[in-house]
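K.L.:
Produce the complete structure using the sequences and hints provided.
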Amino acid sequence: SQELEQSPQSLIVQEGKNLTINCTSSKTLYGLYWYKQKYGEGLIFLMMLQKGGEEKSHEKITAKLDEKKQQSSLHITASQPSHAGIYLCGADNPIKAAGNKLTFGGGTRVLVKP
Amino acid sequence: DSGVTQTPKHLITATGQRVTLRCSPRSGDLSVYWYQQSLDQGLQFLIQYYNGEERAKGNILERFSAQQFPDLHSELNLSSLELGDSALYFCASSVDWNTGELFFGEGSRLTVL
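For the protein sequence lines, the chains are A and B, in the order given. For the first sequence, my numbering assigns the number 1 to the initial residue and increments by one for each residue that follows. For the second sequence, my numbering assigns the number 115 to the initial residue and increments by one for each residue that follows.
For the record, the hints were derived by calculation from the structure and aren't laboratory data. No experiment lies behind these values; they were computed from the predicted model shown. Glycine residues also receive a C-beta, built at the ideal position from the N, C-alpha and C atoms. It is possible that some hints are incorrect.
[To be verified] Cβ pair distances, simulated, as ranges:
id : chain 1 : residue 1 : chain 2 : residue 2 : range
1  : A       : K51       : B       : S194      : 43 to 51 Å
2  : B       : T127      : A       : I44       : 39 to 47 Å
3  : B       : G142      : A       : G52       : 28 to 36 Å
4  : B       : S152      : A       : E59       : 26 to 34 Å
5  : A       : I44       : B       : F183      : 25 to 33 Å
6  : A       : I44       : B       : Q158      : 38 to 46 Å
7  : A       : Q2        : B       : T119      : 25 to 33 Å
8  : B       : P122      : A       : K51       : 38 to 46 Å
[As the list claims (entries may be wrong)] Reference excerpt, derived from the structure (chain B facing chain A, CB under 10 Å, subset only):
id : residue
9  : A128
10 : Q151
11 : E220
[Unchecked claim] Straight-line C-alpha distance at most 30 Å; calculated DSBU-like pairs for lysine-lysine:
id : chain 1 : residue 1 : chain 2 : residue 2
12 : B       : K123      : A       : K68
13 : A       : K113      : A       : K68
14 : A       : K69       : A       : K51
15 : A       : K64       : A       : K38
16 : A       : K38       : B       : K123
17 : A       : K68       : A       : K27
18 : B       : K123      : A       : K36
19 : A       : K36       : B       : K171
20 : A       : K60       : A       : K17
21 : A       : K27       : B       : K123
22 : B       : K171      : A       : K38
23 : A       : K113      : A       : K36
24 : B       : K171      : A       : K69
25 : A       : K27       : A       : K113
26 : A       : K51       : A       : K17
27 : A       : K69       : A       : K27
28 : B       : K123      : A       : K51
P.N.:
So, in structure tokens, the structure goes:
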């Protein structure tokens, strides 16, 4: 089965600083999803990457999927307190006919110090 | 607000008991997913339904069962509860059955004492 490892597990950044989270897969990624979870709440979809080398941005958050499609990174520029939360990467089931068993990494806890 | 409604928000029960968690998907979404989130296991996929039929199954215990009704709401039944079943149970929904863009509810926090 596919496993996703996220690093770091947690990080504390000063407001205004940049941060990067990595997600490494044990197998080729056919679809990589980034979600954000505020503590004790549900997950919110951020963005999806499917093609090797693909890069997407939304406001101050940029996500990339490497060419070999086994690693993705999430980069936040000029972090703000609103960026605090848990970021999770999720991977698609490569066998589409088997439904969508989205597998998630362990998450990265982000704390932004004002 | 994701549009996905889960009830109850909090539930405290004893070992050996049975509980039912309920989920109403976003209007128009045909697929419903159940996930379990705990500190030691992280976010684990349990089961997916699409338009009333089971579509995919994950690490769901035999003591757990789920169904999706004709009005598309879903229920997750947990029986013979053990201490280790204490977790946050999320329901998510999506329009289609093969997309990873899911809309999550706020979860039902189950505490088994």
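K.L.:
Hint by hint, say whether it matches the structure.
P.N.:
Going through the hints against the structure:
1. A C-beta distance of roughly 46 Å is found between K51(A) and S194(B), which places it inside the suggested range of 43 to 51 Å.
2. Our hint of 39 to 47 Å for T127(B) and I44(A) is violated, since their Cβ atoms are close to 29 Å apart.
3. The hint said 28 to 36 Å for the Cβ distance between G142(B) and G52(A), and at roughly 32 Å that hint holds.
4. With their beta carbons about 31 Å apart, S152(B) and E59(A) fall inside the hinted range of 26 to 34 Å.
5. At roughly 26 Å, the beta-carbon separation of I44(A) and F183(B) lies within the given 25 to 33 Å, and the hint holds.
6. Range check, I44(A) to Q158(B): Cβ separation about 19 Å, and the 38 to 46 Å hint is violated.
7. At about 30 Å, the CB distance of Q2(A) to T119(B) agrees with the hint of 25 to 33 Å.
8. Between P122(B) and K51(A) the Cβ separation comes to about 42 Å, which falls inside the hinted range of 38 to 46 Å.
9. Of the supplied interface hints, the one on A128(B) is violated, with its beta-carbon coming no nearer than about 23 Å to a beta-carbon of chain A, more than 10 Å.
10. Contact between Q151(B) and chain A, as hinted, is supported at the beta carbon level, the nearest pair being about 9 Å apart and thus within 10 Å.
11. The closest approach between the C-beta of E220(B) and any C-beta of chain A is roughly 5 Å, which is under the 10 Å cut-off, so the hint is satisfied.
12. About 41 Å separates the Cα atoms of K123(B) and K68(A), which puts this hinted pair outside 30 Å; it is violated.
13. A C-alpha spacing of about 35 Å is found between K113(A) and K68(A), which places the hinted pair above 30 Å, so the restraint is violated.
14. As the CA atoms of K69(A) and K51(A) are separated by approximately 8 Å, the hinted pair is consistent with the 30 Å bound.
15. The suggested pairing of K64(A) with K38(A) holds, with an alpha-carbon distance near 22 Å, which does not exceed 30 Å.
16. For the hint linking K38(A) to K123(B), the alpha-carbon distance of about 16 Å falls within 30 Å, and the restraint holds.
17. With a CA separation close to 10 Å, the supplied pair K68(A) and K27(A) stays within the 30 Å bound.
18. Distance restraint check for K123(B) and K36(A): the Cα-Cα separation of roughly 20 Å lies within the 30 Å cut-off, and the hinted pair is therefore satisfied.
19. For the suggested pair K36(A) and K171(B), the alpha carbons sit about 24 Å apart, so the restraint of at most 30 Å is met.
20. Restraint check for K60(A) and K17(A): the C-alpha separation of about 12 Å stays at or below 30 Å, so the hint holds.
21. The suggested pairing of K27(A) with K123(B) is violated, with an alpha-carbon distance near 36 Å, which exceeds 30 Å.
22. For a cut-off of 30 Å, the pair hint linking K171(B) to K38(A) stands: about 27 Å separates their Cα positions.
23. Between the alpha carbons of K113(A) and K36(A) the distance comes to roughly 18 Å, so the proposed pair stays at or under 30 Å and holds.
24. Among the hinted pairs, K171(B) with K69(A) is consistent with the structure: their alpha-carbon atoms are about 25 Å apart, no more than 30 Å.
25. Proposed proximity of K27(A) and K113(A) is contradicted: the alpha carbons are some 35 Å apart, above 30 Å.
26. Distance check on the hinted pair: K51(A) and K17(A) sit about 29 Å apart at the alpha-carbon level, within 30 Å; holds.
27. For the suggested pair K69(A) and K27(A), the alpha carbons sit about 9 Å apart, so the restraint of at most 30 Å is met.
28. With a CA separation close to 38 Å, the supplied pair K123(B) and K51(A) exceeds the 30 Å bound.
The structure is inconsistent with the numbered hints 2, 6, 9, 12, 13, 21, 25 and 28, although it conforms to all the rest.
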